[in-house]
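A.B. asks: One letter stands for each residue in the lines below.
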Amino acid sequence: MVEALAVASGKGGVGKTTSTLALGMALADEYDVTVVDADTGMANLCFHTGLADADTTLQDLLLADSNAAVEDAVYDRFGLSLVPCGTSLAAFRDADPTRLRTVIAELAADTDVLLLDSAAALGSQSAVLPLVLADRTVVVLQPTIPSLSDGLKVQEYARSYGTETAGVLFNRVQDDAAIDRVAEQAERYFGGPTLATVPESDAARAARRAGEPLLAYAPDAAAATAYRRAADGLDLQDGDEDAVADRFRSAVIPEPP
Amino acid sequence: MTGPGAADLEIPRGRLVRSRVGVASALRAAFSRELTGYARIEPDSLLADGEPGVITFAEGVPRAAYCERSAGRGERGGDSHELGRGDRPVGSDSRGVDALAALAGPGPCSVELYELPADTLVTVHDAPEFSVPPGAPAEQLADDPALADRTRERAPDDAHDGDASALESFLEDEERIAAIQKEARAEAEQRAEEWGLDGELE
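Residue numbers (UniProt numbering), protein chains in the order written: chain A, 1 to 257; chain L, 1 to 202.
Source of the hints: derived by calculation from the structure; they are not laboratory data.
Backbone N, C-alpha and C define an ideal beta-carbon position, used for all residues, glycine too.
Not one of these hints is a red herring.
Taking CB as the label site, the calculated pair distances span: (1) SER25(L) x ASP76(A): 44 to 54 angstroms; (2) THR102(A) x ASP149(L): 38 to 48 angstroms; (3) GLY13(A) x ARG154(L): 20 to 30 angstroms.
Turn these sequences into a full structure, and let the hints guide you.
C.D. replies: Shown next as structure tokens:
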């Protein structure tokens with residue numbers, strides 16, 4: 001069984017990587033979970049997981065002349081298989097984003113749930129590819145108009161590639177009184193349910209500074225509890241892993257100009 | 001028309017202190033120069049409902065907002081920026097947090113900042129229907145939570161603290177959201193072609 005979920009937001013600063021790792025750790029109680037830092041232009045999963053000095057990362061796998069094997073870039077931490085992405089600008093420039101397809105195909109063959117931490121902006125082929133490759137998206141929002149606007153936009157981009165919304169997550173929530181009304185209204189426009197509303201959390205910031213996912217650093221924090229609730233609400237769909245891998249491999253993408 | 005008589009809600013044209021800036025830098029500039037006056041916001045978006053609007057300030061803190069909804073765009077030279085006045089049908093404008101919702105969303109804006117004597121804004125600032133929470137413009141128009149926090153700290157204790165939310169008003173506007181979705185879909189399809197991903201479209 002495998003389902004690939006892109007965790008997307010449409011804008012930065014909403015806590016997308018924190019959310020991806022928290023969902024991953026919560027799902028790992030039941031599933032074999034692989035988290036990929038597919039935000040290759042602004043990689044930061046490594047800083048959330050103490051992998052800033054990792055020898056081999058997704059960046060190496062995306063280089064045309066790379067000899068690295070996919071398994072070299074997979075790190076078992078916090079009960080997850082983590083594929084961090086390096087932050088070298090030169091390597092980002094030289095990377096061939098279309099190779100992400102074969103990397104994802106290989107990872108998909110060996111896990112239950114693939115979470116793709118996706119780019120915040122939608123301005124390039126490499127930023128949109130995770131939305132193309134995923135089965136469904138989880139859209140992370142802050143309860144503000146700019147965030148909702150961008151979330152609607154990312155949902156539309158994903159839908160244009162046939163990738164539907166699995167659910168939305170309201171993060172960094174400050175106004176507890178209003179959020180239920182907002183979430184109910186927002187559900188009319190998003191394809192999936194509101195998975196959880198996660199309160200603004202000092203613990204999340206401290207976890208990031210400590211280089212650990214929130215659920216490892218502060219498992220009893222209110223935000224951590226909310227993320228577990230979100231994972232429970234994700235109705236994961238069985239997929240045929242061979243079919244998923246084939247789908248990733250089969251589509252032909254021309255070389256970038 | 002409800003609330004105070006429309007004729008009372010007139011803002012005289014102020015002294016232009018800054019022009020051709022985006023909303024975020026305009027709000028930051030208004031805050032740092034402790035502007036008492038108003039910002040005239042003109043959306044550059046191609047969205048059909050991008051209408052001009054006004055946010056007023058007292059010592060850099062946003063106090064009131066108004067957005068035109070339909071008639072009058074580009075025809076309001078005159079000697080004043082009027083709130084809720086003119087020939088347009090009742091219900092065709094928006095006020096307070098509703099006005100913020102109408103002004104928010106994707107697309108760039110051009111903003112001009114004008115300075116005015118504080119006493120010319122008293123009537124507008126005393127009208128609850130135009131009132132906005134001090135931090136709301138920074139959060140909802142500029143996506144700048146740090147500025148919103150600083151603005152709330154400077155705001156007087158009796159500043160707007162109502163329950164109404166610009167975000168809820170935004171989400172109630174189905175036409176506006178449909179326009180955002182339509183524009184995003186068209187942009188996605190156009191870019192798919194540019195990136196050689198059009199074969200993946202459904």
